[in-house]
Amino acid sequence: MKVSMTVNGAAVDAEVPDRTLLVHFLRDVAGLTATNVGCDTTSCGACTVLLDGQSVKSCTVLAAQADGHQVTTVEGLANGDGEMHPVQRAFHAEHGLQCGFCTPGMVMATVSLLAENPRPTEEEVRTGLEGNLCRCTGYHNIVRAVLAAAEGGDI
Amino acid sequence: MIPAPFTYQRAGSVDEALSLAAEGGDDAKFLAGGHSLLPLMKLRLAVPEVLIDIGRLSELSYVREENGHIAVGALTTHHDVANSGLLGSELPLLAHAAGQVGDPQIRHRGTLGGSLVHSDPAGDLPAVILVLDATLVARGPSGSREIPAGEFFEGLFETVLEPGELLTEIRIPRPAQAGWSFQKFTKRAIDWAIVGAAVQGDQVALVHMGSTPLRASAVEQALAGGAAPADAAAHAAEGTSPPEDINADREYREHLARVLVARGLTEARSRA
Chain A
1 MKVSMTVNGA AVDAEVPDRT LLVHFLRDVA GLTATNVGCD TTSCGACTVL
51 LDGQSVKSCT VLAAQADGHQ VTTVEGLANG DGEMHPVQRA FHAEHGLQCG
101 FCTPGMVMAT VSLLAENPRP TEEEVRTGLE GNLCRCTGYH NIVRAVLAAA
151 EGGDI
Chain B
156 MIPAPFTYQR AGSVDEALSL AAEGGDDAKF LAGGHSLLPL MKLRLAVPEV
206 LIDIGRLSEL SYVREENGHI AVGALTTHHD VANSGLLGSE LPLLAHAAGQ
256 VGDPQIRHRG TLGGSLVHSD PAGDLPAVIL VLDATLVARG PSGSREIPAG
306 EFFEGLFETV LEPGELLTEI RIPRPAQAGW SFQKFTKRAI DWAIVGAAVQ
356 GDQVALVHMG STPLRASAVE QALAGGAAPA DAAAHAAEGT SPPEDINADR
406 EYREHLARVL VARGLTEARS RA
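Those protein sequences? They're chains A and B, same order as listed.
Here the numbering used here is used: the first residue of the first sequence is 1, the next is one more, and so on.
Here the numbering used here is used: the first residue of the second sequence is 156, the next is one more, and so on.
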């Protein structure tokens, strides 16, 4: 079927098999490979992107379900001048990553979390990110990064 | 991992969804948020030939007050149920439990109706609507019918819905007794409940203690007879037939049921 969506502000159209998953559409059709496939079972959150501003796991959404909608991947967060998004800056400053595999999903889940709850408590950050697993178990710095991003107030 | 091939169709209205389902027959399935169905399809536990996407039927996403009950559209997401002001004040058990389903990403996509028709005995919300004495409204080729929650679930992944019937609304009466609790025991935050308990007043339902959600009738009878919560909770496993799996054997689930019902009754009374 023909699928047309807006990815990071740009129109992407393609004829794809009906069973195409959103994550594969983003990686293989749109060429945006920052979004990782981790567990492939809706558990790990590595494939988290924003669908109309809300975090979703793109391994469990059909490209067809996103047809006509707005998708944001981590590649779409920096502004036109290449300046990183405040959440990206906070992950950098607080070293909120180890191997980096979960990072795109963690960052996108954080953007969605802070959009719904701009000043979360530490516990709210931990429950708000419970859909994202870090295989390095680097959670402390990730939580610190989210709190720092919220503290910055410029989300 | 991707699903087996299927034909994707998109419904623009409930009527269109019903006519597509009638054309598709047994080979067709409705797709709402897809967070129960797509994982099953990846594992080839479900292999529909036709998927009818009803996810855009905004007419089925609402929470509103109607003659003496609260009506929730079947396509209302867990996120929207959890954040509904009306549900938060009138049916806090449902709002709270919806906020415990899966994780935030899953709650953005998964729907109340989807989790009910999926009929997973480990699902949280089937037990909640059972304890709340909800009525489910389904539309099919021959019209609309109302099904009491207690008659809706038939077994693992099975409900009384006929092929081509679509769950459209969940009607929930205002609880006769205030005080509620939702208890869920998991190993990891996002896991299915090993055992769960939903309590509203002196009504109790159990998650994952049989092939369907169950009312803890022996507990309810004990409470009606004047038993204290701790004594009533001792009956929580009576009449249940819990599954055995990698997480728990029968005895452990029975133990969890007693513990969680005791905690639930205590918390519910503290909120009454």
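Bear in mind the hints are in silico, worked out from the structure with no lab data behind them.
Treat the numbers as computed from the prediction; the structure is a model and nothing was measured.
Just so you know, even glycine gets a beta-carbon here, dropped at the ideal spot from N, CA and C.
A few of these clues could be false.
[As the list claims (entries may be wrong)] Computed spacing ranges between beta-carbons, pair by pair: (1) A:A93 x B:Y407: 28 to 36 angstroms; (2) A:P118 x B:Q332: 50 to 58 angstroms; (3) B:I401 x A:D81: 46 to 54 angstroms; (4) B:H410 x A:E124: 27 to 35 angstroms; (5) B:A427 x A:T121: 53 to 61 angstroms; (6) B:S244 x A:A93: 38 to 46 angstroms.
For this session: May I ask you to test the hint 50 to 58 angstroms on the CB atoms belonging to A:P118 and B:Q332?
Result: Between A:P118 and B:Q332, where Cβ atoms are some 37 angstroms apart, the hint is violated.
Exercise. Is the gap between the beta carbons of B:S244 and A:A93 within 38 to 46 angstroms?
Worked result: Taking Cβ atoms as reference, B:S244 and A:A93 lie about 41 angstroms apart, which means the hint holds.
For this session: Take the C-beta atom of B:I401 and the C-beta atom of A:D81, compute their distance, and say whether it sits inside 46 to 54 angstroms.
Result: holds (51 angstroms)
Exercise. How does the Cβ-Cβ distance of B:A427 and A:T121 compare with 53 to 61 angstroms: does it lie in that range?
Worked result: About 28 angstroms separates the Cβ atoms of B:A427 and A:T121, which means 53 to 61 angstroms is violated.
Exercise. A:A93 and B:Y407, beta-carbon distance inside 28 to 36 angstroms?
Worked result: Check failed, 45 angstroms falls outside 28 to 36 angstroms.
Problem set entry | Cβ distance range 27 to 35 angstroms for B:H410 and A:E124, holds or violated | With Cβ atoms ~32 angstroms apart, the hint holds.
Violated hints for the displayed structure, listed by number in ascending order: 1, 2 and 5.
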